[in-house]
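Chains as they are written, first to last, in the working numbering: chain A, 578 to 729; chain B, 735 to 1235.
Fair warning: there could be bad hints in the mix.
Label-pair distances were calculated between CB atoms; the ranges are [said to hold, decoys possible]:
1) Ile580(A) to Thr1200(B): 40 to 46 Å
2) Gly1192(B) to Ile580(A): 45 to 51 Å
3) Asp1164(B) to Ala710(A): 39 to 45 Å
4) Asn1083(B) to Pro690(A): 54 to 60 Å
5) Lys1116(B) to Ile580(A): 48 to 54 Å
6) Gly1112(B) to Phe707(A): 19 to 25 Å
7) Ala1023(B) to Leu699(A): 38 to 44 Å
8) Leu871(B) to Leu639(A): 14 to 20 Å
9) Gly739(B) to Ala636(A): 55 to 61 Å
10) Phe727(A) to Gly739(B): 53 to 59 Å
11) Gly693(A) to Thr922(B): 52 to 58 Å
Covered stretches of chain B, as calculated for chain A (at least 3 residues, CB under 8 Å) [stated by the list, open to error]:
12) 922–935
13) 1173–1187
Source of the hints: derived by calculation from the structure; they are not laboratory data.
Built from N, CA and C at the ideal position, the CB exists for glycine as well.
Next come the chains, spelled out residue by residue.
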Amino acid sequence: MEINCKDMATGVIFLGFAGSYGYMSLQTMSVGTATQMGPGYFPAVLSGCLAITGLAVIAQSLRGDAETPWGIVPWRAIFCLSAATIAFAALADDLGMLPATFLTSFIACLASPRIGIGQNILTSLCIAGFCSAVFGAALGVPLPLFGELFRQ
Amino acid sequence: MDVLGNLALGLSVSFQPINLLYCFIGTLLGTVIGVLPGIGPLATIAMLLPITFGLSPEGSLIMLAGIYYGSQYGGSTTAILLKLPGETASAVTTIDGYQMAQKGRAGAALAGAAIGSFFAGTVATLLIALVARPLTLLAFNFSPAEYFSLMVVGLVSSIALASGSILKALGVIFLGLMLGLTGTDVYTGAARFTFGVRELLDGLQFVAIAVGLFGISEIMRNLEHPGGAPASLAPVGRLMPTREEFRRMVAPMLRGTAIGSFLGVLPGGGALLSSFVAYTVEKKVSRHASEIGHGAIEGVVAPESANNAGAQTSFIPMLALGIPSNVVMALMIGALMIQGVVPGPGVINNNPTLFWGLVVSMWVGNAMLLVLNLPLVGLWVKLLQIPYSILFPVIVAFCCIGVYSVSNSAFGVYQIAVAGGLGYLLMKLDCELAPFILGFILGPMIEENFRRAMLISGGDATVFVTRPISAGLLLAAAVVLFVVMLPAIIRKRKEVFVEES
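Extracted from the complex, chain A is given alone in its bound form (with noise of 0.2 Å):
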């Protein structure tokens, strides 16, 4: 039999939330009556739902309709994205907005394959520079220009 595989993934995916989000408002918060809602009423309501949805999603896919190919995953891009956003986060408040943003950059170009080092390098000092000088001076964004590690 034929299973459509991102049919199935999604349904799983959604089990998955239903089941753990379900759970902990079954068991961590305390549901209530229609009445008197408690907290955990209403998600505990959404997590049937979606685990009806999920299973249905699971249903489907077991037909094996067609499915549309997956296509590339960019995993470089994916890893390199991430790793770029939660530099930032990690490191903004001691580094400062400058080298912070510098980073960030840094890390996102090295996404794409077709950028060479020393345009990297480039690129992420202009866009270091402009934002620091549009979100700090201009906007007042209170991040400052260099941070705790540069101030001795």
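Using the hints, position chain B against chain A.
Just chain B, lined up with the frame of chain A:
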């Protein structure tokens, strides 16, 4: 107060030099970013949202509205010149717009789109001024049950517009609703789904989620095929339409405006549906119907007028009822709430300057687009040639700093990464992201109204079908759902018949 008095108040607000400036900056930035290939209005607004936080509520909404129109118009520009719709709403514009560009009439197509949009914007502004007040009066009769049902209609309609599987869209909505509940429960103060993280008590950050879903995951998708030859640009040519073209623009402009104004008000409607319907109608009724699809100006003007009218009248449910009828409005509501304004029927009475200022500034924004976009078309063409390898790190940097500035903390920036990954995964699995974000913003609202309705009725769930307005709304939702399912049902039955014979 009469309509004229209200408009006068609105004029006085939107013609304050500072608000004019915000409107100008908004339309300019919106166009600049909207014109960049692969960035639609959603990503544009999500990205630029943080820069409006420092402004007054009026200023920030005026600027956001400007960004919205600007990015939409930018999308039309790429649609005409590159055959690349920057957003779904201008997808139909590519058909005739690009054909016109091939014939050397790109300038006329751009001008037609701008003039049509301006006309539609003017009509829609007047319509909002006329309809908003009666609608808010109606809204004061709404009990929580009606609000709940109305939001159900909105969510169901967002399924209708989702391409692909209805079931998946439904699941994505539930997912969005559930994740939207993260944080402190307003009634009991209990922490929900926070996993012991103190920062999550305030809920997931809306801007971070939006930026991750529509900004970062979009970059991931674009980088599936790094490189790609730079797109070939059609020459713009003479901007001014000929007298003949002007004459042919009038009727489609009127029809497009009427269709767009009507469809925009419907929950889930807005710009996208409007432009498709307007194009289809034009194909049926136009005197030059045979030319449509081969570079007829009607095929550009009608959908562009409709999509602008729809974009604008979709503000009506948002302003009058506090309910977003589409994802862009969901972002606007997010912005309002960050400004400390509770969206809903109260806005028109409590913040009349905000309300009428926004309404009039829509018109001002459209006028600015007309005088801004056409003369600057050469600049937009230049922008189209910026390589993506420079563009995407800029977007990433903007997103990070922007989200940081929302709450002056790095915590939201982590959420971008998670939302980006989740968004990309869902995209790969052929799930639509728009219903997700609509569910996400509606989650807390729909729960609150559900709980209040049930509290008032004493736990009797039939309250939703015994109150006439609520019953009517739910019926409408059911009809929409049924109609959406219909083609699928028909197709299934066909398959069955084929197998039998």
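Checked hints:
1. At about 44 Å, the CB distance of Ile580(A) to Thr1200(B) agrees with the hint of 40 to 46 Å.
2. For Gly1192(B) and Ile580(A), the Cβ-Cβ distance of about 47 Å falls inside the hinted range of 45 to 51 Å, so the restraint holds.
3. Separated by about 41 Å at the C-beta atoms, Asp1164(B) and Ala710(A) satisfy the suggested range of 39 to 45 Å.
4. Checked against the given bound of 54 to 60 Å, the beta carbons of Asn1083(B) and Pro690(A), roughly 57 Å apart, stay inside it.
5. At about 49 Å, the beta-carbon gap between Lys1116(B) and Ile580(A) stays in the expected band of 48 to 54 Å.
6. Range check, Gly1112(B) to Phe707(A): about 23 Å between beta-carbon atoms, so the 19 to 25 Å window is met.
7. For Ala1023(B) paired with Leu699(A), a C-beta distance near 53 Å fails the hint of 38 to 44 Å.
8. Against the hinted window of 14 to 20 Å, the Cβ-Cβ separation of Leu871(B) and Leu639(A) comes to about 52 Å, which falls outside the hint.
9. Take Gly739(B) and Ala636(A): their Cβ atoms lie about 59 Å apart, and the range 55 to 61 Å holds.
10. For Phe727(A) paired with Gly739(B), a C-beta distance near 57 Å keeps the hint of 53 to 59 Å intact.
11. Distance hint check: the CB atoms of Gly693(A) and Thr922(B) are about 56 Å apart, consistent with the given range 52 to 58 Å.
12. Using a Cβ-Cβ cut-off of 8 Å, 4 residues of the stretch 922–935 of chain B lie near chain A, which meets the minimum of three, so the contact claim holds.
13. Chain A is given as covering the stretch 1173–1187 of chain B, and this holds because 3 residues of the stretch bring a CB closer than 8 Å to a CB of that chain, at least three being needed.
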